[in-house]
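Asks: For reference, the chains in residue letters:
2 protein chains.
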Amino acid sequence: MCVAGCMEAVRAGMSRRGFFGRAGAAAAGFAAVAVAPVPAAAAPRSFERVIDLTHTLTPEFPSFFGIPGIELEPRAEFAKDGYNMYVWKLIEHSGTHLDTPIHFAETGASVEAILADTLVVPFAVVDVADKAENDADYLLSRDDLVAWEGKHGRLPQGCCVAMHAGWGKLALSDPARFIGRDVDGTLHFPGFAPDAATWLLKERAVVGLAVDTLSLDHGPSTDFKTHKVWLPSGRWGLENVANLDQAPPVGATLVVGLPKVKDATGAPVRLFALA
Amino acid sequence: MCVAGCMEAVRAGMSRRGFFGRAGAAAAGFAAVAVAPVPAAAAPRSFERVIDLTHTLTPEFPSFFGIPGIELEPRAEFAKDGYNMYVWKLIEHSGTHLDTPIHFAETGASVEAILADTLVVPFAVVDVADKAENDADYLLSRDDLVAWEGKHGRLPQGCCVAMHAGWGKLALSDPARFIGRDVDGTLHFPGFAPDAATWLLKERAVVGLAVDTLSLDHGPSTDFKTHKVWLPSGRWGLENVANLDQAPPVGATLVVGLPKVKDATGAPVRLFALA
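Line by line, the protein sequences are chains B and G. Residues 6 to 280 in our numbering are what the first sequence lists, from first letter to last. Residues 6 to 280 in our numbering are what the second sequence lists, from first letter to last.
Don't read these hints as lab results, they were simulated from the structure. Since the structure is predicted, the reported quantities are computational estimates derived from the model, not experimental observations. Fair warning: there could be bad hints in the mix.
Since the list can't tell identical chains apart, any single copy or any two copies may satisfy a pair.
As the list claims (entries may be wrong) - Keeping only pairs whose Cα atoms sit at most 27 Å apart, straight-line, the calculated DSSO-like set for lysine-lysine is:
#1 Lys267 / Lys94
#2 Lys136 / Lys207
#3 Lys174 / Lys136
#4 Lys85 / Lys267
#5 Lys174 / Lys267
All chains should be built: construct the whole structure from the sequences, respecting the hints.
Replies: See the structure below:
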């Protein structure tokens, strides 16, 4: 199975060309040959500041499903019990959260199987905010990735690639525009083009994608092709990422604070860019 | 209010002696004068490896309350819906998790109010495993902290201090001993002595405590004095921490991956030591 194989490849630190994940590509309906993500090199990494890339999760936070992503029910109250405590009812794909391989596959890694070494990784931020400003359905393209490399060099080994579409600030200030639901019920927000995801899968060693919108696929998608290309290959995705305007295009380390819940297909995360 | 004041002090980067948090100490029933935590210095921090300090959270993970900390209910299934997704029912203080100030106070910071700069901090690990091996009720003392400083130097500014009691490995291998419930229903596991917490509060700039057991207080405690000293002062605690035997006594950076859930009094976290 591709996902298990990818995990083994990562664990073994195999070379970028040393693993071919056909099952994932087949599941995605592509003939592509997957390139396994590998952990970042063990060279020292350093940082001076911490950038919080996480939205606060509330019952009102925009959701794909149009219902509250979380509800808190009091279980203990200070005045009566001497301490405070809630029980959460949580849709696991809410707020700033991670999608696992098994979110869009019959089998694959769930949350607890994602290795720590692939959750602390080099971070590349591709700024398409200017293009997306007047095109809410903007698809980050292979050309955008090539242009980024023209400025900043090759995408780092084992990195996460983020789309900065300028949507993060809308989540609280203008949730209707963040979701972009039109009169026909179609959503409108930017995402990764499936062929850009396929190119990253085939030609670069990338462990994860990140978007400052509700979904890796752009709003009008009904076939979720980017999800289906990316996740079953054994890689993860981050959605509803905040504050990407504060992160440098290259040079930061992304830390994905993913609670280690067995069998979960996703989870709210704390994201830090260490720059 | 102390907690708000602490947060402001942290934000402003005030000096260690620049803030006096009497409300927290009063709430704890102590006449102590609190020393505000301050963020770590902005000097570059570097690391080469990632140590995962997180237990996998399952319904079977040992809990303080003796009931499952989490239950997953399927919301979507791949064969039927084309994707997998669960809804979690979660007691927020389950597995490897964080206690906020408001967990043991009438008012105070909840999860979303804890600043990012106080979640990426120097990490000090105090090894008391030898002493605890034959004394399940062991209390980490002020003397243990002084002895640690004798070997490793003064506790770093803005650090988290962890008790390594050797209990982490028991959580899965011997959950009955991890909890230590005797025939009378009393629990037995190590914790921080209240006077050690008070000393840290008064004399050092520490943002958080961490334990590899179920509670900051040792098992037999019924008054939760360490919780009541520590949390209402505006500081946090981590419980059920894993793999502390892999972390160096000093020199690592702890990253607390705390999902940013509004009003929560605690949350499961992903903990990484960057060493």
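Asks: Which of the stated hints cannot be reconciled with the structure, identified by number in ascending sequence?
Replies: Result: no hint breaks.
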